[in-house]
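K.L.:
Residues per chain are reported as follows:
There are 2 protein chains.
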Amino acid sequence: MSSSFQGVSNLVYLRFGVIVFGLLVWFSPVPQGLSVEAWHLFAIFITAIVAVIVNAVPIFLSAILALSVSILTNTLTAKEGFSGFGEDWIFLIIIAFLIARGVIKSGLGKRIAFLIIKRFGKTSLGLAYSVIAADMFIAPAFPSNTARSGVLYPIVNALATDSNSKVEDGTRKRIGSFLMMCSMAGLTLSSTLWLTAMAANPAGAAIAQEFGVTITYQTWIMASCVPTITLFFLIPWIIYKVYPPEIKETPEAIEIANTALAKMGKLSKNEWIMSITFISMVALWIMSSSFGINKSAVALLGLAVLMLSNIFTLEDMKNEGGALETLIWFAILYTMSVYLNKFGFMGWLGGHIAYAVSDLSWLAVYVSLVLAYVFIHYFFVSQTAQMLALYGVFLEVGLTANVPGELIALMLLFATNFNAIITPQGSSANVIYIGSGYIKPGEVYKIGGIVTIVNTFVFLTLGTAWMMFIL
Amino acid sequence: MSSSFQGVSNLVYLRFGVIVFGLLVWFSPVPQGLSVEAWHLFAIFITAIVAVIVNAVPIFLSAILALSVSILTNTLTAKEGFSGFGEDWIFLIIIAFLIARGVIKSGLGKRIAFLIIKRFGKTSLGLAYSVIAADMFIAPAFPSNTARSGVLYPIVNALATDSNSKVEDGTRKRIGSFLMMCSMAGLTLSSTLWLTAMAANPAGAAIAQEFGVTITYQTWIMASCVPTITLFFLIPWIIYKVYPPEIKETPEAIEIANTALAKMGKLSKNEWIMSITFISMVALWIMSSSFGINKSAVALLGLAVLMLSNIFTLEDMKNEGGALETLIWFAILYTMSVYLNKFGFMGWLGGHIAYAVSDLSWLAVYVSLVLAYVFIHYFFVSQTAQMLALYGVFLEVGLTANVPGELIALMLLFATNFNAIITPQGSSANVIYIGSGYIKPGEVYKIGGIVTIVNTFVFLTLGTAWMMFIL
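So the protein sequences, as listed, match chains W and B. Quick note on numbering: this note's numbering labels position 397 of the first sequence as 949, and the sequence is numbered without any gaps. Quick note on numbering: this note's numbering labels position 75 of the second sequence as 627, and the sequence is numbered without any gaps.
Be aware that one or more of the hints could be misleading.
No copy is singled out in the list; a pair is fine if it fits within one copy or between any two copies.
[As the list claims (entries may be wrong)] Computed cross-link-like contacts, BS3-like style, restricted to lysine-lysine with a CA-CA straight-line distance of at most 25 Å:
1) Lys793 / Lys894
2) Lys992 / Lys670
3) Lys631 / Lys894
4) Lys870 / Lys657
None of these hints come from the bench; they were simulated from the model.
The following block holds chain W by itself, in its conformation from the complex (with noise of 0.2 Å):
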């Protein structure tokens, strides 16, 4: 009991806290350049980015009391305010996390990684390979990295159970610790890959937009895929130096797979539908930008086509309040970082930054933006919080040191990705594997952090190269 209200008062302190220095930064007098909207907008965002990492309140209730103060504090009008919720991005984020749902009822996801661990599972490293290969193929319609742990996570954990390898027994390292391990540090990879893998992704295309840099599925998949997939074949391995599984052959695997297989018997109707619709899906995705065609509805047509065959219902449709609880979060946090730059907070304090590093080479500011960027995220529980408080202005800073426009955007975008695994809390995926048991915290600070580095080395090196030849 005391300790329960200990906790309740504590908490109480902390958002007290909080609003004791939103209401300081409110009231510090203005910035020489910037309109007094800009600050107060500023002193509301920081305030709700603040409050989340601290912890004094998740981030939806962060962002409507945002929203709302804003607008009751005629920072923003209402019309501004509720803005976001107009983008047609959002809702093929939106949408897609319902065709996501389509690909796990309909049994097609799980099917895709046993027949990827059939044919690659012989080994405990050809094993952590499959698993993250299906995860790849399955991401483009899947706008979530904790979704697609939902799907992965039961399969690497009856992938490690049924290899002997437990938590209770202290035999986690024989071979689960490793796989959780890797299918973690997979999606860091799977969701740099394609637009869609994010949910960050498309709305920092659209920010980037504001800033007259224009990214569409094509670009990103062209830049994206030489380093991402080179980091495909180097991280299990080095993983597997670094963290190795006590075994090194897995012919359960095989056996799991094949059982299972084997129970879904041939391709359902309802997995050739899905098949079919996500493939259609994937490729007029492609080909949007080049035939005009608008991504949102074709999402929408991808759903309906799922409801048509009843593979996803209006039923299903109640328990998707958390797709609701994102749109309205991500909305209002995108709006507000849409009206820092529009309102010249963005430039202002991005020109103070350029100034400072104005003697710099262009490429010794992207390499420290990127740097800069990537560590930060020690900082930040979300992704997409920090893609929104800081995109814009490492963006703006980047463009007025004249780093070529599409280079930076694309790299701060695949950064926020890949640097996903830097701390146990830095993806709401990684939550799944360490709740596990198989991965103790301190691992992912070691074990991540060089992931982590490895990721932003190749990025930075061949990522790079390839992305100046190619744009």
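Chain B: place on chain W using the hints.
P.N.:
Relative to the frame of chain W, chain B by itself:
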């Protein structure tokens, strides 16, 4: 097996028929005075509405298909097609949905109902009044008559069964049928009374704004209160005469209320918070237009208070997929209706009808419009769908015929609510009462028809005189 197969194949034919209908309209020669876009948008919109009316697909599926087709055929740009999602009043509705959940969860909804029953529930008629009064009282924070029926139905059901009026043993007419019918009729009044008592109300106000007619929270309640409260006294008494309960005295009801209230004990902390939040929200909404307070920001703040005090939690949010469903179909059909107007379709159709009635006085036009609007509801399952499909045209005709703008704008929106009991399927709120078995669908056509006639009569006479006096 064969009948289900038959059912499926019938559905396929029906859907095929709807598609053929849509293609016929699309490829018909474009009427003089209309742009191709306007005609194509009309073809898509009318097909979506027909698909819902003939029950070929649910309204959500119809809406997402319609939007997808509109964008993929370049009838609407993506920016236009998703613009409705950026309307602040849509989130007024969605957020209020969540707040209503708090009213239920905190126990406050039940307590209000029982307090009113305790005070007025001595007779069958008094009981009917008390159920409707409770409904009217909670309505401003429940933007859905369906949601309110979810609060009221269990109470009415308990009152009936505890008075030994049951469906199974043939005693439904003792009192159950009467109470259910009164509560169902009462919902038409509670929805008419408040701008925020039904999702279609603020949507209609937004459409009226497109036609240059401003409807505030204050003018709404001022205009609606006199006819609605008159009907509040009239309707239960009329139902008492034409659909009488077999028992007239109901001492059990007071006992039930007393027992329930005793069990509830004193007002809990959560009920206190809920009450204060509720009353503050309604007060701020009423003052909103005078003081320039945004209603949606108030709703967000109200929800934030409930979340800070754990009355509504993120766990509760997970089950609110229905709110997302409503948001999506509602915003889409609203947007299409707005663009039918912007593209000149409403003006064109309204002009033609207005020309046909140009010999009539404005009063005759007004009465004809209201009567037509009320009785067309025979063909519509959803009140909101009818409003989105027809409100613009009817308003246009009225304005062209010089009917006072506020009068016709408000009256048609009132009619959207007070005609809901004209058929069993006229409102989703009816379904739960009829589903109980206490009311036979055939009785709704008769008794609901009488209620609709009385509602319409009072609004056309007293209501119209009152509105002309105050507006």
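K.L.:
It remains to establish, for every hint, whether it holds in the given structure.
P.N.:
Structure-based check of each hint:
Taking identical chains as interchangeable, the C-alpha atoms of Lys793 and Lys894 are never at most 25 Å apart, the minima being 48 Å within one chain and 64 Å between chains. When the C-alpha separation of Lys992 and Lys670 is checked against a cutoff of 25 Å, the pair qualifies neither within a copy, at 29 Å, nor between copies, at 59 Å. With identical chains, the CA atoms of Lys631 and Lys894 are at most 25 Å apart both within one copy (14 Å) and between copies (19 Å). Proximity of Lys870 and Lys657 under a CA criterion of 25 Å is satisfied in both settings, with 15 Å inside one chain copy and 18 Å between copies.
Violated hints, listed in ascending order, are 1, 2; each of the other numbered hints is respected by the structure.
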